[in-house]
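Undergrad: So you can see what is in the structure, the chains are spelled out below.
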Amino acid sequence: MERRTFLLAPAVLLAASACAPPRGVTYWNLFTGSDGSRMTEMVNSIDVQVEPVTLTWGEPYYTKLAMAAAGGRAPDLAILHLSRLTSFAGLLDPFDDAMLAANGLTADRFPSGLWSRTSNAGRTYAVPLDTHPLVLFYNTEICGKAGLLDNGRLKPLRGERDLLTAFQRAKQVTGRLGVALAGIHDVNPWRLFWTLYRQQGGDLRPGDRPLDDAKALRTLRFLREVSEQSQFTDYAAAVALFSNGAAGFYWNGEWELATFTEQGLPFDVAPFPQIYDRRGIWADSHSFVLPHQHDRDPERTRRTVEAVSALVRKSLTWSKGGHIPAYLPVANSPDYHSNYRSAADEVELDPPLWFAGTASDMQTTAGAIFGAVMSGAASPESALGDFTSAFRHLANTPRPA
Amino acid sequence: MKTRSGFWFVAPFFALYLVFLVVPLAMGFKYSLTNKSLGGNNDGYLGLANYVELFGDPAVWNALWNTLLFTLVSTPVLALLGLGMALLTNRAMPARWLYRLAFFGPFVLPVSVVVLIWDWLYQPAFGLINDLLTRLGLGTVGWLSSDGLAMTSIIIATVWWTVGFNYLLYLAGLQDIPREMYEVSAIDGATPWQQLRRITVPMLRDTHQLVVVLQILASLKVFDQIYLLTGQGGMPGVRSIVQYIYESGFTKFRIGYASAISYVFFALIAVAALAQFKFFSRRRELR
Chain A
1 MERRTFLLAP
11 AVLLAASACA
21 PPRGVTYWNL
31 FTGSDGSRMT
41 EMVNSIDVQV
51 EPVTLTWGEP
61 YYTKLAMAAA
71 GGRAPDLAIL
81 HLSRLTSFAG
91 LLDPFDDAML
101 AANGLTADRF
111 PSGLWSRTSN
121 AGRTYAVPLD
131 THPLVLFYNT
141 EICGKAGLLD
151 NGRLKPLRGE
161 RDLLTAFQRA
171 KQVTGRLGVA
181 LAGIHDVNPW
191 RLFWTLYRQQ
201 GGDLRPGDRP
211 LDDAKALRTL
221 RFLREVSEQS
231 QFTDYAAAVA
241 LFSNGAAGFY
251 WNGEWELATF
261 TEQGLPFDVA
271 PFPQIYDRRG
281 IWADSHSFVL
291 PHQHDRDPER
301 TRRTVEAVSA
311 LVRKSLTWSK
321 GGHIPAYLPV
331 ANSPDYHSNY
341 RSAADEVELD
351 PPLWFAGTAS
361 DMQTTAGAIF
371 GAVMSGAASP
381 ESALGDFTSA
391 FRHLANTPRP
401 A
Chain B
402 MKTRSGFWFV
412 APFFALYLVF
422 LVVPLAMGFK
432 YSLTNKSLGG
442 NNDGYLGLAN
452 YVELFGDPAV
462 WNALWNTLLF
472 TLVSTPVLAL
482 LGLGMALLTN
492 RAMPARWLYR
502 LAFFGPFVLP
512 VSVVVLIWDW
522 LYQPAFGLIN
532 DLLTRLGLGT
542 VGWLSSDGLA
552 MTSIIIATVW
562 WTVGFNYLLY
572 LAGLQDIPRE
582 MYEVSAIDGA
592 TPWQQLRRIT
602 VPMLRDTHQL
612 VVVLQILASL
622 KVFDQIYLLT
632 GQGGMPGVRS
642 IVQYIYESGF
652 TKFRIGYASA
662 ISYVFFALIA
672 VAALAQFKFF
682 SRRRELR
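For the protein sequence lines, the chains are A and B, in the order given.
For the first sequence, position 121 (counting from the first letter as 1) is numbered 121 according to my numbering, and the numbering increases by one without interruption.
If you want my numbering, it's the 1-based position in the second sequence plus 401.
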């Protein structure tokens, strides 16, 4: 080969591959581990050709997605936590409602609590795949010895005392801790706070006093009491403590279900208990969105919506990871069973503020502040003050996107 | 004619310098005066509002202080430890190559590997260090969970990782000192301590300067090990200024504000570099 051709050939190949759009629907998601393999299984089982790319969960994912959308050359389809929809306003393209309806994706086929959060300024921007709420995992052997079971199932727990007593009795059996929960470097304290605070009817809104102080303090004092039945650990250690049988209960989202099933741990899952007057459970939803493209091709968009429709219909596969299918024809089908299905009707997403939502600044800040109460490093009063000033600062920041 | 050919030799570098340094520098300054966001919209001219905001933002001061603290503590430790290790392995001893390799070894590891190692060592309940403490009958320590200790833990990991570079510089410096000086002084009755103080340390003057200058600059831009060791969202108590710039721009999408902080940090580094330059050039004159 002549030298010039030799040098030119790879360049031409590179240019050609960069210009030609990929044939399948390009799709970014943040599912790794067993969720990742289930998503791959679903993608391979549908008729529409989809080319998935998996990126690291959380901030790195959202940074990359935002940059791709800002450049206008984003993938055709992406996963977004529904609670992040407000923060991604301006970086997403709306769905065509008629096209959604033609593919069977209409409001009546999704839980109303989720669907109401899919729109912005009258346009639909998201199609929910699942609901993933906080739940209460419990070790059936330990809870059985502690006399907390009735017919093999956890007796209903209602109110602060009930729950603390149950944790204490589990602690007497294990000799170590009653409940395992993640507190260090984790947003879990925020999720627990938001659940318990919403159960009292508390609100969060920009202003001088964003929280209802009395309700917030009550929540924080209770979380401190709960932590005394626990050990202050990070996420991985909390999982390990529950799988080793060092704790009778485990407070986290249902997404760890597959971990414990694979280990053959004697455990079951109960809905997050109702402690206060209202029902309400922190949850979020993995949803399909169309990240912004400068030149959106109608033909590709049509295939993208077909793919979304086909994937939500396959969400029985998805539910094996613990997530509750959002698509009601699947969730209501006899093939789907779950002890905490009711949680889908009691979801409390993060408030629709641009700086809130999963992996957002507010969640990590609140996680650290409320985590300090749980570790005993800060008093509920000082944490409330810290959160109020952090929240005011966020609310006064000029909105970027 | 002479000058023209010189220009063409410099041109390739100059073009890259222009495209990748000067232009972004100017664009960054322009952005710092706007509300430029990663999403591209809402980027109206703000004047100095970003600068006003950052001077009143406690997170900026906090991050600056953390960076400064990290630099103030890590620089002397890294310099002295490097010197100490170089002195130890500069004498005739068995298996000297092994010690030299071991002291320099960690430096070749990528940051992700370093962080993986130390993350497991520092695990709160069953990490190697806490496990050892428990076996010795002592209490466990939250290495990365409390702000004060987290900074110490990060500095320990950083020292282990990067001290090899200073060690190498000192080792090279030591080998440049003529043997005769030690022989002569020994004949004159100098003790090893006097030799260290009067010969070794002064003869390493240029190495000291190099190590201190490089170390201060490297420590001021600390980012990766803190970012990786403290997990997503980080810990406000140990967040460095570069990390805060990254978070403002890329996770909070506020490119304008991040540019403004960069410029203030840039100014501070420029002042520090100038002060160092003055200090060393004066000492050179005195010599």
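Keep in mind that the hints were calculated from the coordinates and are not lab data.
Accuracy of the hints is not assured; some may be wrong.
[Said to hold, decoys possible] Some chain B residues close to chain A (C-beta under 7 Å, calculated; not the full set):
(1) N436
(2) W466
(3) R655
Given the structure is predicted, the values throughout are model-derived calculations rather than measurements.
We put the CB at the ideal spot given by N, CA and C, even for glycine.
Undergrad: Could you work out which of the previously given hints the structure breaks and list their numbers from low to high?
TA: 2
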